[in-house]
Amino acid sequence: MANKINIFKQFLVLVSIFAFNTVWAYEPIDKDPNQSEVHEEATAEKHEAGHEEAGKFNAGKTIIEHVADAHDWHLWGHTSIPLPVILKTDKGFDFFLSSKFEHGHASYQGNYNYRLHEGNIVVYDDLTGTVDEEATAKITDFSITKNVAAMLLSMFLMLWMFIKVAKMATKNRGKAPSGLQSWIEPLVVFVRDDVAKPSIGEKRYEKFMPFLLTVFFFIWINNLLGLIPIFPGGANLTGSISVALVLAAFTLVITFVVANKHYWQHVFAMPGVPIPVLIILTPIEILGLFLRPFVLMIRLFANITAGHIIALAFFSLIFIFGEMHAGLGFGVSILSLVFTVFMGALELLVAFLQAYVFTLLSAIYFGAAVDEGHDVHNHVDDHHH
Amino acid sequence: MLSSVLLEASLTYGVAALGAGVAALAAGIGIGRIGGSALESIARQPEAVNDIRSSMILAAALVEGAAFFAMVIGLLVVLIK
Chain A
55 MANKINIFKQ
65 FLVLVSIFAF
75 NTVWAYEPID
85 KDPNQSEVHE
95 EATAEKHEAG
105 HEEAGKFNAG
115 KTIIEHVADA
125 HDWHLWGHTS
135 IPLPVILKTD
145 KGFDFFLSSK
155 FEHGHASYQG
165 NYNYRLHEGN
175 IVVYDDLTGT
185 VDEEATAKIT
195 DFSITKNVAA
205 MLLSMFLMLW
215 MFIKVAKMAT
225 KNRGKAPSGL
235 QSWIEPLVVF
245 VRDDVAKPSI
255 GEKRYEKFMP
265 FLLTVFFFIW
275 INNLLGLIPI
285 FPGGANLTGS
295 ISVALVLAAF
305 TLVITFVVAN
315 KHYWQHVFAM
325 PGVPIPVLII
335 LTPIEILGLF
345 LRPFVLMIRL
355 FANITAGHII
365 ALAFFSLIFI
375 FGEMHAGLGF
385 GVSILSLVFT
395 VFMGALELLV
405 AFLQAYVFTL
415 LSAIYFGAAV
425 DEGHDVHNHV
435 DDHHH
Chain B
2 MLSSVLLEAS
12 LTYGVAALGA
22 GVAALAAGIG
32 IGRIGGSALE
42 SIARQPEAVN
52 DIRSSMILAA
62 ALVEGAAFFA
72 MVIGLLVVLI
82 K
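Chains A and B are the protein sequences, given in the same order.
When the letters of the first sequence are read in order and numbered with the numbering used here, they come out as residues 55 to 439.
When the letters of the second sequence are read in order and numbered with the numbering used here, they come out as residues 2 to 82.
Next comes chain B alone, as it looks inside the complex (with noise of 0.2 Å):
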């Protein structure tokens, strides 16, 4: 009885840790190319840095809370179980 609890349970915990894993994965990839991106721009135009800098950041920050929400879901799939 307990056995089949825990392991109920640890698979749960599993596929939250799983579903982190892929949105970690995921977000690395969009920010990498964000950040690759604007390296070769930069590199073109080295003027233009201030503008490229911020245009980053913001669409960095905009994949990052795509992230997040699978952070959190992951979060609650572990917690409401």
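Pulled out of the complex, with its shape left as it was, chain A reads as follows (with noise of 0.2 Å):
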């Protein structure tokens, strides 16, 4: 996640330096060359701390700095919640809001200096105002961030949710459920006939259950509130990488943990099959335990991601040619409008989709782990790919 997080700043930095390189490109050339340069990394790195330069839209920067994670929760305008942060450094523990930093316009005194440079808290020389590299290396960030927000408030939601169900299901025993159990009654249904049976087989499917409800219904809920653009909303949750990592960590663990002999045994040497051709085969299936966690992951993440940033480059759109001329950014955005409203119906659709893909994919993954290999009528076949 970190990685790539700094992937994308990265990229982000290189967006606006080419962006700065090419309106400086038409600077008189009579200028000392080196000053220049100076001074164009300086508006450079104005522009990244505060983006209120009056330059260009960027929509690549916009679209990126909303899909990333970041250390407040942006509300509108230019109000946002400041969120905790947690700072690990080898003098000790570091507690502060992330409103210290005032959107990066200003650094925090802690064990060290403190700033927040590119949504990335870095260790910060204010007299030459450069980044002390070295000792970034050795502070961890354990912040409160967006995305760890939208976790626990998820969580809470979640919680809240169940727990009542729950107490309305064993309260309506017998009788028609109500209320919010008659929403979330058929869905637990719908996963334990749709998904869990017919791809753990009818014995064994229960003692899945709990894991494939609580991912089913985390991956949904979150993927909801993803779509919601104001404040309960509107984190990019599910569509961080770490986030889809631990989910598929999951089923990576709990298939080892679950798969009985006959699962090792098609994964090491494939009963019936030939010598010569197992040296080629068994590599392959080791590969493959790991290749579908691997991509369990990338599915989620790219989806949900992909989703965020249709509907940040249609609105984008409309800056971009707003720029051109107001008249065209207005015509434009109605267009936008009706695009996005399309899209959100879509991703409404996706949200459920990568849910159900996401919980369907584990529980064949799980069913091919334990299925014994002589039933025929519990027989799952164990060769997706």
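Please note that a few of the clues may not be correct.
[As the list claims (entries may be wrong)] Below, a sample of chain A positions facing chain B; criterion: calculated Cβ distance under 7 Å:
| # | residue |
| --- | --- |
| 1 | V349 |
| 2 | I352 |
| 3 | R353 |
| 4 | A356 |
| 5 | V411 |
[Unchecked claim] Heads up, incomplete: computed chain B residues facing chain A, CB under 7 Å, no partners named:
| # | residue |
| --- | --- |
| 6 | A62 |
| 7 | G66 |
| 8 | F69 |
| 9 | M72 |
| 10 | V73 |
[Claimed, not checked] Far from chain B, some chain A residues (derived; all Cβ distances over 10 Å):
| # | residue |
| --- | --- |
| 11 | E188 |
| 12 | P252 |
| 13 | L350 |
| 14 | N357 |
| 15 | Y410 |
| 16 | L415 |
Treat the hints as calculated values from the structure; they're not laboratory data.
Quick reminder that beta carbons are idealized off the backbone N, C-alpha and C, glycines included.
Given two chains presented individually in distinct reference frames, assemble the corresponding complex, making use of the accompanying hints.
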């Protein structure tokens, strides 16, 4: 995740430097080249930190900024909710609110002098205006970022929802469901009857139900919250590769823990296959063990992030055209809005579909791992790739 | 100097975009075939619609996974450059 975000950040710097290079290329050439370079860098940095620079609208930068994790939760305009920053340094922990950074305009003096630089917390030298790379490498960021806050929020939402529904289900036993229960219960039954039973088998599905239901509702509810553009939603949680990685790792670990003799036999020495073929087949099978959860991760991450990027791209179009001519911006905004509504409706479907696919594939992998291979009625094909 | 840097960068972006395009094309063909075959089988056996639908979504998701691989690699080419 950190790597991923760092790559995004590097991309961001690259994009902005290119943008400024092109702007400065039209400057009169009688300037001292070194001086102009320094100025250029300073301007680029100012632009990065503040985004009040009256420059051209940078669609790529705006989109990446909205898709990536952040140290504050943006509400509207220049208002945002500050989130706690937790830093582990070699001199102990530092706790403070991200509002201390004033959106990258100010430094905070803790064990070191911190500053928000391109979305990352760095050790900063105020006198020279440079980032101390060596000291930055030593601090570890454990902050409650936007994604962590969103996850905690959705956790409480889900706890409230499911405790309530569980109580209702006990109370309404043998009767028709009521209220929130009538919304949740069909989905629980759907996961049981259409996902768990056919994939794992009638006999063994029960012990996997808690995980499958948790992962299904976690992904689905967070996908839906991500589609809400205002405060309680708007975090790209399931479209964050670290969250997807953890979910996929759960599937991998559970598969390994429950896997029986038949499963490992099929992986390491497929019965009835000659040895020369096994030399090729076994490495592929072993690779497949890790490739399957890896693809689960990529699929969830890319699908949800792509959904967010599409919505942002349509809105960016308004500003790109608006910069050419204000009237053109208004004209395009109507088109943009229509497309965004259409894509939003599609994303509602994708939100459910990704939760379903993740749960279904997890169930199929569990089914393959516990399959005895003798019972014809309970057989699940274990060669999905 | 600047122009050569820009040229090189735009070439990388161009190739990455081409890669993403080819991946989308291949995934489109794959998912199109899956959808087409599913429709044909539903027309032949309308009573099996539920089984066919879930198998169709599963197959489409697997194809999509490959397409996303290509997309992420295309993205990395642009970003790591």
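Outcome of the hint check:
{"no.": "1", "hint": "V349", "result": "holds, 4 Å"}
{"no.": "2", "hint": "I352", "result": "holds, 5 Å"}
{"no.": "3", "hint": "R353", "result": "holds, 5 Å"}
{"no.": "4", "hint": "A356", "result": "holds, 4 Å"}
{"no.": "5", "hint": "V411", "result": "holds, 4 Å"}
{"no.": "6", "hint": "A62", "result": "holds, 4 Å"}
{"no.": "7", "hint": "G66", "result": "holds, 4 Å"}
{"no.": "8", "hint": "F69", "result": "holds, 4 Å"}
{"no.": "9", "hint": "M72", "result": "holds, 6 Å"}
{"no.": "10", "hint": "V73", "result": "holds, 6 Å"}
{"no.": "11", "hint": "E188", "result": "holds, 23 Å"}
{"no.": "12", "hint": "P252", "result": "violated, 8 Å"}
{"no.": "13", "hint": "L350", "result": "violated, 8 Å"}
{"no.": "14", "hint": "N357", "result": "violated, 7 Å"}
{"no.": "15", "hint": "Y410", "result": "violated, 7 Å"}
{"no.": "16", "hint": "L415", "result": "violated, 7 Å"}
Violated hints, in rising order: 12, 13, 14, 15, 16; the structure is consistent with all others.
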